[in-house]
Amino acid sequence: MGHLAMPFMAPFSLVNTATLRLFNFLYYHRPGIRRRRREHFQSFFFPLDSVANWNRLYGARGFYQYQCVIPEQARPEATARLLEKIARSGQGSFLAVLKQFGSLSSAGMLSFPRCGVTLALDFPNTGARIERLFTQLDEILAAAGGRLYPAKDARMPAELFRHTYPRWREFARYVDPACSSGFWRRMSQGEVVLNGAAPPRERT
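The number in this note's numbering is simply the position in the sequence shown, starting from 1, with 3 added.
Because the hints were derived from the structure by calculation, they are not lab data.
Take the hints with a grain of salt, since some may be wrong.
When the alpha-carbon atoms are kept at most 30 Å apart in a straight line, the in silico DSSO-like pairs for lysine-lysine are as follows [what the hints assert, rightly or not]:
1) K102 / K88
2) K102 / K155
3) K88 / K155
Derived CB-CB ranges, DEER-like [unchecked claim]:
4) Y30 / K155: 47 to 57 Å
5) Y152 / Q76: 30 to 40 Å
6) A99 / H32: 10 to 20 Å
7) L113 / R40: 40 to 50 Å
8) F11 / P169: 38 to 48 Å
In this text, a Cβ means the ideal position worked out from N, Cα and C, and glycines have one as well.
Take the sequences, apply the hints, and build the full model.
What follows is the structure, given as structure tokens:
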């Protein structure tokens with residue numbers, strides 16, 4: 004539980020361009036910001052933990068988190084293009100997290116990390132408007148050889164998933180079609196894979 008709390012669900016998203024500008028101004032001009040001091044890692048790395056029920060700021064429609072990883076060789080240009088596209092759309096993110104991934108490869112068939120940077124951004128759910136922005140971001144990401152984080156996804160196109168996770172068919176061998184997630188049904192589009200290949204169709 005944090006020191007502050009959002010006591011009610013906002014009737015509409017309180018996260019917009021105007022409130023983001025105000026928040027950034029107040030945050031970066033708060034007393035003591037320019038003094039060098041030691042700070043606890045909890046408040047530094049997890050600032051939202053100090054605000055309980057912060058998700059209510061986004062209203063009943065909620066928010067999307069767009070988290071992607073960009074390969075090291077494409078990092079400077081692709082990151083700049085993503086941020087420029089977001090800025091031009093007028094849809095700001097209340098929270099932005101940028102992390103560096105190392106070169107150690109993962110054996111996971113659907114592993115998200117790869118050598119490069121991961122960028123995570125929270126956006127209010129504005130319906131078709133945010134969907135259009137995500138489609139544009141997807142195009143930049145795919146061209147750079149990056150991919151989205153499946154564990155936080157709610158709208159990734161199946162084509163993008165299959166293109167950026169080439170071992171998905173290998174993973175599909177272990178999926179029970181009678182007990183699968185909504186995410187997997189969306190990505191596989193009803194296709195059942197046995198031993199790495201689609202089963203033969205029944206003759207009629």
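Violations among the numbered hints, reported as their numbers in ascending order: Result: hints 4, 5 break, sorted rising.
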